[in-house]
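Protein sequence lines, in the order shown, are assigned to chains G and U. Residue numbers 4 to 499, in my numbering, belong to the letters of the first sequence in order. Residue numbers 13 to 163, in my numbering, belong to the letters of the second sequence in order.
You may find that some hints are simply not true.
[Stated by the list, open to error] Think about it this way: if two alpha-carbon atoms lie no more than 20 Å apart in a straight line, the pair counts; the simulated SDA-like pairs of lysine to any residue are:
# : chain 1 : residue 1 : chain 2 : residue 2
1 : U       : 153       : G       : 411
2 : U       : 69        : G       : 411
3 : G       : 388       : U       : 82
4 : U       : 149       : G       : 411
5 : U       : 69        : G       : 168
6 : U       : 14        : U       : 82
7 : G       : 431       : U       : 145
To be clear, the hints were calculated from the coordinates, so they are not data collected in a lab.
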Amino acid sequence: MGISDYLLMGFSTALSPINILFCFTGVMIGTIIGVLPGIGPVAGTAMLIPFTFGMNATTAMIMLAGIYYGAMYGGSTTSILVNLPGESSSVMTCLDGYQMARKGRAGAALGISAIGSFIAGTLSVMGLMMLAPPLANFALRFGPPEYFSLMVLGMTLVVALVGEDLIKGLIAGALGIFLGTVGIDPISGIERFSYGIPTLLDGLSFVSVSVGLFAVAEVLEMSESPSKSPTYIEKISNLLPNWQDWKDSTLPMFRGSIIGFFVGVMPGAGATIASMLTYASEKKLSKHPEKFGTGIIEGVAAPESANNAATGGAMVPLLTLGVPGSGTTAVMLGALLIHGLRPGPLLFEKHPDFVWAVIASMYIGNIMLLILNLPLVGIWARMLKIPQAILAPLILAFCVVGVFTVNNNLAEVWIMLIFGIIGYFMKKFRFPPAPVVLALVLTPLMEHALQQSLQMSHQDFSIFFTRPISLALLAIAVVSLFSPFARHLWVRAKSF
Amino acid sequence: MKKGIIIVCLVLMGMSVFGMVESSRLERTMKMGIGIGFLPFWVSAIIGALALALLVKVRRERISYEDKPVFPQGSIPRVVPIAIALIAYIILIEFIGYVPSTFLFFVTTIFILQRSRMMIIFFFGVVFTSLLYVIFKIWLKSPLPGGVLGF
Chain G
4 MGISDYLLMG FSTALSPINI LFCFTGVMIG TIIGVLPGIG PVAGTAMLIP
54 FTFGMNATTA MIMLAGIYYG AMYGGSTTSI LVNLPGESSS VMTCLDGYQM
104 ARKGRAGAAL GISAIGSFIA GTLSVMGLMM LAPPLANFAL RFGPPEYFSL
154 MVLGMTLVVA LVGEDLIKGL IAGALGIFLG TVGIDPISGI ERFSYGIPTL
204 LDGLSFVSVS VGLFAVAEVL EMSESPSKSP TYIEKISNLL PNWQDWKDST
254 LPMFRGSIIG FFVGVMPGAG ATIASMLTYA SEKKLSKHPE KFGTGIIEGV
304 AAPESANNAA TGGAMVPLLT LGVPGSGTTA VMLGALLIHG LRPGPLLFEK
354 HPDFVWAVIA SMYIGNIMLL ILNLPLVGIW ARMLKIPQAI LAPLILAFCV
404 VGVFTVNNNL AEVWIMLIFG IIGYFMKKFR FPPAPVVLAL VLTPLMEHAL
454 QQSLQMSHQD FSIFFTRPIS LALLAIAVVS LFSPFARHLW VRAKSF
Chain U
13 MKKGIIIVCL VLMGMSVFGM VESSRLERTM KMGIGIGFLP FWVSAIIGAL
63 ALALLVKVRR ERISYEDKPV FPQGSIPRVV PIAIALIAYI ILIEFIGYVP
113 STFLFFVTTI FILQRSRMMI IFFFGVVFTS LLYVIFKIWL KSPLPGGVLG
163 F
């Protein structure tokens, strides 16, 4: 079967009424999450995992992916109308989007943002479709040592790129690894750090930890100050860009799509870095760089295309290698494992119906988002008026009931609460929570790969350095970890 | 911020020692390969080393870790009651069941966050309790804690 046959098969599954319904639900919830400042896509996806338990894995993943890329669309609305990014990936859109709105061009900014997001989203799904199968084929050569090295690389890239301080990122990652060792060891059957608590025998519930670290912590931080209904630009007209707008934004949209996709493929980089890189490169390429930040359409088209393209890119390592590159994809990996699917190269061989249905649903979801975002932009903007006093208790109660329903176990709700408080303090002291979740999900797989590798080599650690792919992956991991130190030393040496 | 980070580093070092002591009770090597204590032991050691490195960095760098308040003024009196309400909710949900505990939680937290008319608060309490009930109990068919009242 060729790609087109697989895609047709994917569409036949994705276009079933139930999948269309949950794709729509996903993109709509994603848009709401994107519009509302505070709750991000990681918290949103984690909170909604309990929702997916009654679904089959395909429908669940279609909905969760919809939330992910839907949030990217929604984030631009608040950036343009309020100068308040709904998501960190929409920060760059504020610079020119809000200025355009102040000049009475909010409609054009929102229009190009939705169209750019649609084009980039669609192109990135095409990229995913082209890149994923050969990468999955290549990854079939991987044995346990390569997998171990790949997971080490995934973790180090996320740690190195997420957050402002490498040491804090490393501590968060190491904590996640430690937490991932709790429970019964699958090989020896001996329990670790569970202290006779039955809930801990299966390990720390990934849903409890991620909902706590992201959603509960976010709400606690949100409650710190009284909410003020933001003043936003209400006059929105002419959503369709004019001829000049098209001319100015076509190339930035395509460049944004390409940069965004490839940055998204890289674990750890994600949509925020993609939009920043694209904005910077557009400014460099522009004939009038001084106009950036004053309200020009290229400044909206490029970052908005990039952050949407990054979501398609981020699905590449998740689906082909089973290594998530961001907090949201880590949550998706956890959800897939709960549904009994193990992402990786074999997923394309064993479950092509699942993979291609998710890919096809992303095309459908992007069309839905374009329809949802252009005519309904006024409704999304009005959502900003929902007071925090309503939103915060609703999210907290949703988290408590949602986590309880995972296993009908109140102990998991307590774990969520503990991690909510830990997450709140992590936010206060600027420790990134994403590496904790990523490491928590990957550690059991990584430890298993480590044990298998050492069994293969009769406990000789050199197995990781004598196999070329494993060595290359570890070398990249080391370079990514030490490059900030090297850069720091280089700057210091130059200043002498 | 600086004092807070120092406390965090000390807590992390304590956790590291605890992790190393606890993992040393487990086997670090086995006939078939590494033991179950191998990874937690070395990860605990790494956490300790990193906490020490962060401590040294905080003490040496004055600019990035200047003493900005970690908690903005007036934030603690808002966050602590919400956290307490959440704890009370989790305790109560087991004993008095989903419906009364969720209603009480909504009323309390809305009241803490925004002093509005009690009628409005009760209205939102009823609406949200019913909304979550419909989603989880009726639509998703998930069992909710019944408590002594049975609902």
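Quick rundown of the hints versus the structure:
1. U:153 x G:411: At roughly 12 Å apart (the allowed maximum being 20 Å), residue 411 of chain G and residue 153 of chain U satisfy the hint.
2. U:69 x G:411: Violated, at about 45 Å.
3. G:388 x U:82: Not OK: residue 388 of chain G and residue 82 of chain U at ~28 Å, beyond 20 Å, violated.
4. U:149 x G:411: It holds: about 12 Å lies between the C-alpha atoms, which stays within 20 Å.
5. U:69 x G:168: 11 Å, holds
6. U:14 x U:82: 9 Å, holds
7. G:431 x U:145: Not satisfied, since the Cα-Cα distance of roughly 34 Å exceeds 20 Å.
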